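S.K.: Going down the list, the protein sequences come from chains X and E.
Numbered as in the numbering used here, the first sequence ends at 762 without a single skipped number.
Numbered as in the numbering used here, the second sequence ends at 486 without a single skipped number.
Any given hint might turn out to be false.
A few chain E positions that, by computed beta-carbon distances, are all more than 10 Å from chain X [as the list claims (entries may be wrong)]:
#	residue
1	P101
2	G110
3	V170
4	A422
Selected chain X positions facing chain E (Cβ under 8 Å, derived; list incomplete) [stated by the list, open to error]:
#	residue
5	A380
6	A438
7	P464
8	G470
9	A475
10	A511
11	S514
12	I517
13	A562
14	D711
15	V718
To give an idea of the interface, some chain E residues facing chain X are shown, with a C-beta separation under 10 Å as derived from the structure [to be verified]:
#	residue
16	L190
17	G194
18	G407
No lab work stands behind these hints: they were computed from the structure.
For clarity, every value in this text was computed on a predicted model and none was experimentally measured.
Positions of the beta carbon are idealized from the N, C-alpha and C atoms, including for glycine.
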Amino acid sequence: MIDVLAGRLRAVLGAERVLSDRQQLRTYECDGLAHYKVIPALVAFPHTAEECAAVVRACVAANVPFVARGSGTGLSGGALPHADGVLVVTSQMREIRDVSPADERAVVEPGVINLHVTRAATPHGYYYAPDPSSQQICSIGGNVAENSGGAHCLKYGFTAHHVTGARVVTPDGDLVRLGGRAPDAPGYDLLGAFVGAEGTLGIAVEVTLKLVRLPESVRTLLAAFASTDQAGAAVSAIIAAGVVPAAVEMMDALAIEAAEAAVACGYPAGAGAVLIVELDGPAAEVSAQFDEVRTLCRDNGAFEIRVAADDAERALFWKGRKSAFAAVGRISSDYIVQDGVIPRTALPEVLRRIGTLAGDHGIRVANVFHAGDGNLHPLVLFDAEVPGEAERAEEVSGAIIDLCIEYGGSITGEHGVGMDKSRYMPRMFTADDLDTMQLVRCAFDPAGLSNPGKVFPTPRLCGEVPGRHRGAHPLQEAGIAEVF
Amino acid sequence: MGDLADLTRPAGDDDAVAGVPARLVAAPASTEEASAVLAAAAAAGLAVVVRGGGSKLDWGMPPERLDLILDTRRLAGVVEHAAGDLITVVRAGTPTDDLDLPGQQLALDRPVPGATVGGTVAVNTSGPRRVLYGTARDLLIGMTVVRPDGRVAHAGGKVVKNVAGYDLAKLFTGSYGTLGLITECAFRLHPRPAATAVVCAPAPDPAAAGRLAAAVRDAQVVPSAVEVDAPPGGPVEVAALVEGSVDGVAERAAVLHKVLGDQARDGVPEWWGTLPWRTGQVGIKLTAPLSRVPALLTEARATGAAVTVRGSAGAGVLYAGLPADPPGDVATVVERLRAAAVRAEGHVVVLTAPPAVRQLVDLWGPVGGLALMRRVKDQFDPEHRFAPGRFVGGI
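Could you put together the complete structure from these sequences and hints?
M.R.: Here you go:
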């Protein structure tokens, strides 16, 4: 069966762009969340939109599931392969088709690296705003699937706010354009539903992005506090003053320790928490607000404030923060990167409860977060060699997600649900909520072949082939059957 | 399930949608009540149109069938304003003018007077400041809806950063009430700026207006809005808005003066933020990539009709208004504008027009992804009871 499909795919792509050798397939067994591993049945490398559509059509004809993968940096297992399916790798589709400062748009293929869009736009005075920490390697196709964020989305929004159009291969294998270069295409905002659907509604093969004018001025400060409470109070004061910084990032003592060990970022000694605050915009606005932010940090207990004198120093401030995930490897053999969101004002309380949780379980938790929007990234540290520690770490990690839900937040702020968090979805959403979301899934992918098993804990049966009936089924109308 | 008679009242003479009379009106005061009404309506197979302030009720095609008007105006009020978290949760029937959020704002312009929050979202209307803040789709962080079958569903939440599950709020935004009833919306908020300034300048022709708008965008002043107004025959005017601190705004306004030239002046033009048509006229929405905005203005003039074009040169979203008579001439103008918009990779949608014009023109024009849209409609509203025929492709 799979051999027949492999033959069809080779006819479309050529033998060298279809992998079926188990050793070669193994390279693709996981994405950035490496503890989930599944070896796909086949891996295919389309180079064009038409090839990608042909691959999907072949999968549909064979009733074989497919999973799209970009650079494979995702942290929720969204691109985890299906054992009986085809992994469609878009990383070789990496042409930047157009950069138009006059339209404030770029048109790119899905395999284009996030940072490369900014590099292409900067000579024209523009950049691409969403900046996930992995921006040097993650692809736009993956960003679209996951609705990626980043440190600067506090002010500038997420991928969904910066995608105006996409050409997508639907789960039927059709090529469809959603949105475009102009805003507000008539009809339902299918693009809005597609971005962040984690590859369950199809595969983006071309993406039109919004470009943002480079700011006239960027200023960054690093403030050291004795405690996360003080740093949190400073953030509250900044927001209350009506300042919307480009980014507000916080790290606690353990995260700082890890970053120092890894990249020697030279943060102030003895800090219980550091804040990185970045302001950007017209020089006249930034300088006044920057003074205000500095005062507010000092008023809330900052014992040292450093101001980045130039881009090099700014990069050093950010180096500690952006390397934080990997850095904890220096102080712990194993760790779980968690991603949850709470209302920002609940930060001090939630951090105290995370501390209690960690203490009760005998597990260390380093905290790194986008403090401006309450997006926590607790790093749960453990040693897999110590019996029981991995399980206790998992418990703490799960309990942190429960805390996020308890405080009215979200189970994921930017990493996505993927494979990892689908089991938490029923804690955040009711059965009717999930059923309603899956109506969209049924409209796009009634056969459930596009990245099955992700996002939703249980698939919804989609019933009849859509579009071929009007009115409810008699059994449904009689209240006998919900779906059939 | 409640009895429809207990949940509704008979429709009055004013309870019609684009000339189509209704039989019943329900005005639930909570999501739960709305759910009961819609479950009863589903059991009875009623065709439903959702009505808020009624300010855009005649936008789109008239409903093919109509039994029940679901009036949202009792679903009103601010549920929550968490200033420290910069969010609010608002009931859909709240008039946008009633939103009082001390020190903060829902940065959503109101081009149509009398609109409710839900109506603004359902039709995705926007105004000048979309350049900086985006539209309802960008500001929404969560939504509660009642499906046509009466079931209540939530999507998103109350935090700005959240990627859990499908973003149904975006799907419902701009859906013209064809997927269900919106009962509550959660939005991200912005601080109210301490100061604002508008600088405007005349331009001899659309091309010159385009150059001024491009120069404003190039100047790094971060405008909240870049508007253009092109009345028939008269000079084109360009106006830009900056918002921020008192000193910062003064400096940025000075830059705008430099960019907009010797004839630039301070002050908000009287046309600012208003749609360029009156009741009984034809209202059109035109979109295009930014560099093609002048081409649309030029084409509007070239028709020789009394067309006023106005809107966001900074976002590529314009509105055109013209007299409805004679309908044949209107149809020609629409065709010419649509051809120009399509050449520019944009769209022309006729938002509102008298029946005589509607008979002659396709309101929506070409729609990408229509087959998928029909499938979405079939899933949410399999019996096609919600505003049947109002939306694209007869959805």
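S.K.: Could you run down the list of hints and mark each one as holding or not?
M.R.: How the hints compare with the structure:
1. Against chain X, the non-interface label of E/P101 holds: every CB pair exceeds 10 Å, the least being about 26 Å.
2. Distance to chain X confirms E/G110 as a non-interface residue, since its nearest Cβ pair spans about 23 Å, more than 10 Å.
3. Every CB of chain X is more than 10 Å from the CB of E/V170 (nearest about 13 Å), matching its label as outside the interface.
4. Distance check on E/A422: its Cβ is at least 18 Å (rounded) from any Cβ of chain X, clearing the 10 Å threshold; non-interface status holds.
5. Look at X/A380: its Cβ gets to within about 4 Å of chain E, closer than 8 Å, so that hint holds up.
6. Nearest Cβ of chain E to the Cβ of X/A438: about 7 Å, under the 8 Å cut. The hint holds.
7. Because the smallest distance between the Cβ of X/P464 and any Cβ of chain E comes to about 5 Å, under 8 Å, the interface hint for this residue holds.
8. Hint on X/G470 holds. Least Cβ distance to chain E is approximately 3 Å, under the 8 Å limit.
9. The restraint placing X/A475 at the interface with chain E holds, with a minimum CB-CB distance near 6 Å, inside the 8 Å limit.
10. Hint status for X/A511 relative to chain E: violated, with the closest Cβ pair at about 11 Å, above 8 Å.
11. Because the closest C-beta pair between X/S514 and chain E is about 6 Å apart, less than 8 Å, the hint holds.
12. A cut of 8 Å between beta carbons decides the hint on X/I517: the least distance to chain E is about 6 Å, and the hint holds.
13. Below 8 Å, beta-carbon pairs count as interface contacts, and X/A562 has one with chain E at about 4 Å; its hint therefore holds.
14. For X/D711, the interface hint holds, the least distance from its beta-carbon to any beta-carbon of chain E being 5 Å, beneath 8 Å.
15. Satisfaction of the interface hint for X/V718 is found here, the shortest Cβ-Cβ separation to chain E being roughly 5 Å, below the 8 Å cut-off.
16. Given the 10 Å rule on beta carbons, the hint for E/L190 is violated: about 18 Å separates it from the nearest Cβ of chain X.
17. Given hint, E/G194 at the interface with chain X, holds; its Cβ is 7 Å from that chain's nearest Cβ, closer than 10 Å.
18. The beta carbon of E/G407 comes within 6 Å of a beta carbon in chain X, closer than 10 Å, and the hint placing it at the interface holds.
Hints 10 and 16, counting from the list given before, are not met by this structure.
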